Amino acid sequence: MSVLADLFSLAAVGAGVFFFIAGTAGLLRFPDSLTRLHALSKADNLGLGLVVLGLIPRAENPLAALKLVVVWALVLLSGASTAQLIGRVLRRGRE
Amino acid sequence: MNEILLAAAGLIVVTVAVGLARILRGPDDADRLMAVQLLGTGGIAALLLTASATRVPGVDDVALGLALLAAFATMAFLNHLDAGEGDAEP
Amino acid sequence: MSVLPLLDIGLALLVVAVAAWTIAARNLFASVLGYVAYGLLLALVWVRLHAPDIALTEAAVGGGVTGVLLVTAGKRLDALKATRSGAGPGLRERIVAGALSALVAGALAFVVASLPTPAPSLAPQAAAAAAGPGAGLGNPITAVLISYRAFDTMLEKIVLLLAVLGIWSVGADDAWGSAPAPLRRARPDGAMVLLARILAPIGALIGVHIFWVGADAPGGAFQGGALLAAMWMVAMMARLLEAPRIGSRALRLALISGPAVFLTVGLAGNILAGSFFAFPPGFAKPLILFIEAFMVLSVAVALPMMVAGPPDGESKP
Amino acid sequence: MNPSLLAGLVGAALVGLGLYGLIAHPHPLRKLLAFNLVGSGVFLVFGVVARRGAAAGYAFDPVPQAMVITGIVVAFAASALAVALILRLAVAGGDVSLDPQASGRRDDGEAE
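Respectively, the protein sequence lines represent chains A, B, C and D.
First residue of the first sequence: 1148, per our numbering; consecutive thereafter.
First residue of the second sequence: 15, per our numbering; consecutive thereafter.
First residue of the third sequence: 2, per our numbering; consecutive thereafter.
First residue of the fourth sequence: 2, per our numbering; consecutive thereafter.
Source of the hints: derived by calculation from the structure; they are not laboratory data.
Remember, predicted model here, so these are calculated numbers, not experimental data.
Treat the hints with caution; some may be incorrect.
Claimed, not checked - What follows is a set of in silico ranges between Cβ atoms, one per label pair, in the way DEER data are often shown:
hint : chain 1 : residue 1 : chain 2 : residue 2 : range
1    : B       : VAL32     : C       : PHE111    : 31 to 41 Å
2    : D       : LEU86     : C       : PHE111    : 51 to 61 Å
3    : A       : ALA1158   : C       : ILE10     : 34 to 44 Å
4    : D       : ASN3      : A       : PHE1155   : 43 to 53 Å
5    : A       : GLY1161   : C       : LEU14     : 17 to 27 Å
6    : C       : ASP153    : A       : ALA1158   : 21 to 31 Å
7    : C       : ARG95     : B       : VAL32     : 21 to 31 Å
8    : D       : ALA93     : C       : GLY178    : 17 to 27 Å
9    : A       : PHE1155   : C       : LEU156    : 50 to 60 Å
10   : D       : LEU6      : A       : ALA1158   : 46 to 56 Å
11   : C       : LYS82     : A       : VAL1216   : 26 to 36 Å
12   : C       : LEU163    : D       : GLY94     : 24 to 34 Å
13   : A       : PHE1155   : B       : VAL32     : 25 to 35 Å
14   : A       : VAL1150   : C       : ASP79     : 57 to 67 Å
For glycine and all other residues, C-beta sits at the position ideal for the given N, C-alpha and C.
Excised from the complex, chain A in its bound form (with noise of 0.2 Å):
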């Protein structure tokens, strides 16, 4: 069992830091800051998201994992909000 949770936590934290470096690369490459804007939201979501995911079976008490579960939640709710605000200003200082 504990050696299934392992693989899970593995798998699942292997795939956030892809999306971390895959976000990373987006800001790099991308040749405007609105497609950079869209790499970034990658790495905030699936990202951490995935590492939360394969530490919760880790974790030492369910509280704990819920505290995970909010970390994730608040970037997201923080994410998705200034990527909307940021492409605004960035709109804007097309016009």
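Take the given structure of chain A and dock chains B, C and D to it, following the hints.
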């Protein structure tokens, strides 16, 4: 297992460090803000991974605080960035 | 070969690089952004030093509130069109300054490398304070702050109060009693209002949680108060709440409640338990939580008032 | 290299960087930021002392850690006061120069 989690944390820190090159290059403040946001998320992920591997207690609360404060700081910077838009009118 | 030392070295290099960026950046905004990133990374270093309490404080104050203070100040300077700051020192002065800084850093590094072994420690005294009569605090740092070094902590709260008074007093004379300038003048976007509406209540709940668990786990009055302060500022930035008038009685009572309650309990200790800041046996833990609750209130009110700045007289009471 | 020595060296480097910024930057807000770097470097050295003083069943010495928390709060209060003074300087003088010669020019420019 712990070593692998630490390695993942290290990879994220390195990735985020590369992303910080974005701060250095710009070209404008919105890009810099995005890079800091990425650093915030990556920092939280690295923090959770390291804490899980080294068993420092109470780090989940630190992560909660970091997530809140990253959102708070981002809001303040946005507040500054869109200041051009009729900010003079009360 | 363990991965941990590599992680530590990478983190250390990153912290120093971001710190160098805040010094080297050309504009103030970029520099402050760097400072916020730096505060966040420093929080990771503190966790590596087994200091989650400081990590929280550093993230809240170093990264969060100080960054917001500076970016707000920069915005207000822009509005004043006061951007000229005079020429910097010439190349020769810069080289001398660099050499001096390198010398100081080198000396400090030498001292750090030659710290005595075994290291002196006050941990046993702190443990005694944590386990003291009726205390039973699981978090030794809270025990040190409220019991072992109670006087320091009370004076720190008075320093906060003095700073607020100092800030208020640099405002114009005829503005006295009015509210500080708002953190944002323009009407906020819908997305920002939505974010503030959801974030502020959840954040306030987390702030109270961090205060509450502070007796036994990382957290405590200051960290909880700083989070509450940040959430109040979030609401102010989205214009959901306005900064109160500095003449407001409720505001002033909230500001002094922390140090006042602390001092009262300290003086009562003189009578009930035989010495200043001694807690009567059996009541220590509830008393400590009682003091801390008012400290949270004071901190949560004082920090936003410091960021908001002096009263500006324009805003209607 | 053990982690606490490494953190101590980072602290020393931060003090050096901050000191340089404090001297070299003409803008007072940048000076303030640099000063905060010096402060956090000193706190980090305190943190190293705390980590080395692990005893009595704790992984750290709580007394220096508590002092750092107090220090961070007081440093913030001082920074906030400094920001208020800088803004007051800008309102009063029209710029934020700390250079006495520049402020001399400023007095000339003011319509009395």
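We went through each hint and held it up to the structure:
no., hint, verdict
1, VAL32(B) - PHE111(C): 31 to 41 Å, "holds (33 Å)"
2, LEU86(D) - PHE111(C): 51 to 61 Å, "violated (36 Å)"
3, ALA1158(A) - ILE10(C): 34 to 44 Å, "violated (28 Å)"
4, ASN3(D) - PHE1155(A): 43 to 53 Å, "violated (34 Å)"
5, GLY1161(A) - LEU14(C): 17 to 27 Å, "holds (25 Å)"
6, ASP153(C) - ALA1158(A): 21 to 31 Å, "violated (49 Å)"
7, ARG95(C) - VAL32(B): 21 to 31 Å, "holds (30 Å)"
8, ALA93(D) - GLY178(C): 17 to 27 Å, "holds (21 Å)"
9, PHE1155(A) - LEU156(C): 50 to 60 Å, "holds (51 Å)"
10, LEU6(D) - ALA1158(A): 46 to 56 Å, "violated (36 Å)"
11, LYS82(C) - VAL1216(A): 26 to 36 Å, "violated (47 Å)"
12, LEU163(C) - GLY94(D): 24 to 34 Å, "holds (25 Å)"
13, PHE1155(A) - VAL32(B): 25 to 35 Å, "holds (28 Å)"
14, VAL1150(A) - ASP79(C): 57 to 67 Å, "holds (59 Å)"
The structure fails to meet hints 2, 3, 4, 6, 10 and 11 from the earlier list, while all remaining hints are met.
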